[in-house]
Amino acid sequence: MDRLTGVVKVTGFVASTPDFTGQPGVINGASELLGEVFGEAGRHARSAVAAPVLPLDSPVEVEVIFSVAP
1 MDRLTGVVKV TGFVASTPDF TGQPGVINGA SELLGEVFGE AGRHARSAVA
51 APVLPLDSPV EVEVIFSVAP
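Reminder that position 53 of the sequence shown reads as 53 in the working numbering, one-by-one numbering, no gaps.
Mixed in with the good hints, there may be bad ones.
[Claimed, not checked] Result set (SDA-like, lysine to any residue): computed pairs, CA atoms no more than 20 Å apart in a straight line:
1) Lys9 with Phe38
2) Lys9 with His44
3) Lys9 with Ala51
4) Lys9 with Val62
5) Lys9 with Glu63
6) Lys9 with Ala48
It should be emphasised that the hints constitute simulated quantities derived from the structure, not laboratory data.
Please work from the sequences and hints to get the whole structure.
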């Protein structure tokens, strides 16, 4: 964890019905947490995607790409 230098990209998958369009708002929590932890280095590109179902019936899945010091 000490080698993490920042956040490059966050992709969030949200289990959703076809009429739900609030996926970006759901993923805001992950983005805000990373911003608090990493400060300016926590600024990142982001995608929020709807999915009809996720593994293990999870409501949300978040994938994060970090930058790492050598």
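Check: So which of the earlier hints does this model not fit?
Finding: none
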